[in-house]
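Residue numbers (the numbering used here), protein chains in the order written: chain A, 1 to 294; chain B, 1001 to 1282; chain C, 2001 to 2271.
Worth flagging that the hints you see were computed from the coordinates, not collected in a lab. Fair warning: this is a prediction, and the values are worked out from it, not measured in the lab. Don't take each hint at face value.
Below, a list of computed lysine-lysine pairs in the PhoX-like style, where the Cα atoms sit at most 25 Å apart [unchecked claim]: (1) B/LYS1083 / B/LYS1004; (2) C/LYS2002 / C/LYS2029; (3) B/LYS1004 / A/LYS188; (4) B/LYS1080 / A/LYS68; (5) C/LYS2029 / B/LYS1259; (6) A/LYS204 / B/LYS1080; (7) B/LYS1083 / B/LYS1198.
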Amino acid sequence: MNNLTFGRYSPYDTFVHRLDPRTKILMMILLMVAIFLQIPTWSTTLILSGLVLLFLVIVMITSKIKIKDFFKSLSAMWIMIILLIIVYVFIPNPNYNPAHIVFKIGTYGVNYDAFYQGGYIILRLVLMVMLTMILTSTTKPMDLTYALEWYMTPLKLVKFPIHIVAMTLSIALRFIPTLLDETNRIIKAQASRGVDYNTMNPIKKIGSLLSLIIPLFVSAINRSEELSNAMEARGYDPYGKRTRYRKLSFRWIDLIAFIVVLAIFGGILTLRIMVACGYNVDLIYWIFGAKPLF
Amino acid sequence: MPIKVNNLSYIYLPKTPNETKALNNVSLEIPNGQITAIVGHTGSGKSTLIQTFNQLIKPSSGFVNIDDKFVVESSKKKNKKIKDLRKYLSIVFQFPEYQLFEETVEKDVAYGLKNFGLKEPEAIIKAHEALKQVGINESFYLRSPFELSGGEKRRVAIAGIIVLDPQIIVLDEPTAGLDPEGSKTILDLILSLKKEGKTIILVTHDMNIVQSYCDNVVVLNKGELVFQGTPSELFSTDVSRFSIEIPPLYAFCQSLKQKGLNLDISKIQSIEDLMSQIKEKR
Amino acid sequence: MKNVVVNKLNFSYDKETEVLKDVSLEIEKGQYVSIVGHNGSGKSTLGKLLIGLLTPKSGDITICGLPLNKDNINEIRSKVAIVFQNPDNQFIGATVEDDIAFSLENQNIDRKKMPELIKKAASDVGMIDFLTKEPSYLSGGQKQRVAIADSLVRNPEILILDEATSMLDPSGKEEITRLILELKKKNKDLTIISITHDIEEAYKSDHIILIQNGEVVLSLPPKELFNSYELIEKYHLDIPFEVKLKKALIDNGYKVDEESSLDELGELLCR
Chain A
1 MNNLTFGRYS
11 PYDTFVHRLD
21 PRTKILMMIL
31 LMVAIFLQIP
41 TWSTTLILSG
51 LVLLFLVIVM
61 ITSKIKIKDF
71 FKSLSAMWIM
81 IILLIIVYVF
91 IPNPNYNPAH
101 IVFKIGTYGV
111 NYDAFYQGGY
121 IILRLVLMVM
131 LTMILTSTTK
141 PMDLTYALEW
151 YMTPLKLVKF
161 PIHIVAMTLS
171 IALRFIPTLL
181 DETNRIIKAQ
191 ASRGVDYNTM
201 NPIKKIGSLL
211 SLIIPLFVSA
221 INRSEELSNA
231 MEARGYDPYG
241 KRTRYRKLSF
251 RWIDLIAFIV
261 VLAIFGGILT
271 LRIMVACGYN
281 VDLIYWIFGA
291 KPLF
Chain B
1001 MPIKVNNLSY
1011 IYLPKTPNET
1021 KALNNVSLEI
1031 PNGQITAIVG
1041 HTGSGKSTLI
1051 QTFNQLIKPS
1061 SGFVNIDDKF
1071 VVESSKKKNK
1081 KIKDLRKYLS
1091 IVFQFPEYQL
1101 FEETVEKDVA
1111 YGLKNFGLKE
1121 PEAIIKAHEA
1131 LKQVGINESF
1141 YLRSPFELSG
1151 GEKRRVAIAG
1161 IIVLDPQIIV
1171 LDEPTAGLDP
1181 EGSKTILDLI
1191 LSLKKEGKTI
1201 ILVTHDMNIV
1211 QSYCDNVVVL
1221 NKGELVFQGT
1231 PSELFSTDVS
1241 RFSIEIPPLY
1251 AFCQSLKQKG
1261 LNLDISKIQS
1271 IEDLMSQIKE
1281 KR
Chain C
2001 MKNVVVNKLN
2011 FSYDKETEVL
2021 KDVSLEIEKG
2031 QYVSIVGHNG
2041 SGKSTLGKLL
2051 IGLLTPKSGD
2061 ITICGLPLNK
2071 DNINEIRSKV
2081 AIVFQNPDNQ
2091 FIGATVEDDI
2101 AFSLENQNID
2111 RKKMPELIKK
2121 AASDVGMIDF
2131 LTKEPSYLSG
2141 GQKQRVAIAD
2151 SLVRNPEILI
2161 LDEATSMLDP
2171 SGKEEITRLI
2181 LELKKKNKDL
2191 TIISITHDIE
2201 EAYKSDHIIL
2211 IQNGEVVLSL
2221 PPKELFNSYE
2231 LIEKYHLDIP
2241 FEVKLKKALI
2251 DNGYKVDEES
2261 SLDELGELLC
2271 R
């Protein structure tokens, strides 16, 4: 249970931590879109992705996220990365330029393009993981729910109970540590009755999982009943009028951060639009005056 | 000497900023066939200690020797006898009613036996014996455990451990949340287990239980062993620094001692003892 | 003035077993009352009925002059606060301050006034240094303090403690018992109803109501109850240490004043 450290909120007080969670969510979405805008000629895409990567690394350093933790969280993805490379390299793709064949295994030619395409996908994955990690480790889970609630405000028009959804979400978050403790306790109690959770025998495995899941369910239901009593006794009425203690507020630092991210997004978007309009976009050529390598 | 704890240490989350020494060089011995209380306030390391006894936790250093039959130590290699150990020394955790899950009371009690390889008909017969021992009426055997009252659930859960016939039984706060009547039923059950020759280890906050039911008491404070002896020895020393609450009788005796009355508190078991000691002084 | 009046209250969860039978009782404003009884006697059910979490089968409840019904329920809940047994299952906010704020949000209080009210309630229960802490970093006793702060922040007239200390360790119990006595001293008008089976705690209150099998069998001040051996025997009650000691002293020929404290009894013995 101790390896659930990925993206866990770390209580520092950095620039990124201080940003409004709504700004952070919006910026994350903008950057994600930017990452997924593909621009022909691999070299250009790679340079742009590299720039985003550099930007994110700087953000991570300023928000005191340890690069080591980031690599740890990537470690679960290694298998996926290897699989991706195999898929891209060994599955024939008619779009690959036959002139880019590096070497042949039997009659099958391994293509340069496959490596670039595979590498690009992996790079995008890494960038997405970085974005999520930055968001969750600099924002309290509760603040995220407040931000989501704010974004859902338009749904009020169609009578969607956004407040109830937000309350449910925040209570679920509040009880995750409690339920993890409970799980640990039940595992130990059942282990004392001879349950072996590491067994490989599938029938025994189902039995041992039931001995964990049923008590966990029963206890969660008891808890929810007591919790709803406590909420009601303290005057909670889901349909009643309530004020809010927490209020999110945009400040000038949000504006600055937003402008920076918007610039990155805007730059990449402009290039993509230029491509769509038929311009030949090639950063290598623009910068070095050299012809594209591939 | 069934349980020998030797220089036992346990470090929680080692090599992180939250590193804590839950147990620090604890050495103690728990005698056979008696009731030993393990006492200490929340965070004293007492639950960590009992969990090392049947290797739910592996110590960071030191070892626990159980009846010269089992050894729990820090080594990484797999303990092949772990199942036997858990049958020999069983732990009843706090609020054990939360571990019930089978459809019927008798099946739930028999569950442990089946894990240790016993087949259904015998397991059920043994379950009935255990249920009788904890005083659960036969009419409940085929009912769902979730229909029972809190005190009954607790007894069914304890039966689920007794049925394994362990030589050593560890109970963590077995009376927590029960009313005086319910507590007494559980404590009488523990006394009957002692009479059968079992070794009992009782983790508790309740000094009244320590006073009236336990033969020995071990006090842990901040992961260290700070006292080992009999209950009346404990109550005649100054225990305020271990943040445990002694029974009112002993608190009163100690206040008398502070006021200058010369009492031998270790010989006092009741108000009558106190009165006769005062009479002698006159 | 009567703060709580319960008249011929009946309640059952299902058709077979009656949980409360013809319960009638009155509680004076500013009193500290213990409701004592075994698990399953119906005492916790009574607590839930008093704040309208359950609806009685018959009979009526009047709180601070208002009959408890659907129309009054919100007003009554602003006057009555309850602290439950399990510290974990009544902590709603993400942090101590958010949890205290939850009560205020429900009362539609202007958020600009909240920080001050939260700080006051937190310092009343000694949790002012923990405002930004999450529940997993608090002890059971500290969580119950927060639960009491949740109640106090609404400025209630009646505080019900439903076995609020029964899941705490001795130091937690001690913390809460001391806090209650302090609160009582500061606010003479606060009515405290403590549902408990701890006889030592009940002994410290002004009045004891004993419930057995859903019926009120006794309602009298603790001193009167424990002076009567007949009653103690009849209802199988535990005897508080102070009472036992006084009896032993009298049996040994000491002259004991009924009102004297443990400390004074000690002086008497040392003389």
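Structure-based check of each hint:
1. B/LYS1083 / B/LYS1004: holds, 20 Å
2. C/LYS2002 / C/LYS2029: Roughly 6 Å separates the two Cα atoms, so the pair holds.
3. B/LYS1004 / A/LYS188: The hint holds at about 22 Å.
4. B/LYS1080 / A/LYS68: violated, 36 Å
5. C/LYS2029 / B/LYS1259: At roughly 40 Å apart (the allowed maximum being 25 Å), B/LYS1259 and C/LYS2029 break the hint.
6. A/LYS204 / B/LYS1080: OK: A/LYS204 and B/LYS1080 at ~19 Å, within 25 Å.
7. B/LYS1083 / B/LYS1198: Holds, because 19 Å separates the two Cα atoms, which is no more than 25 Å.
The structure is inconsistent with the numbered hints 4 and 5, although it conforms to all the rest.
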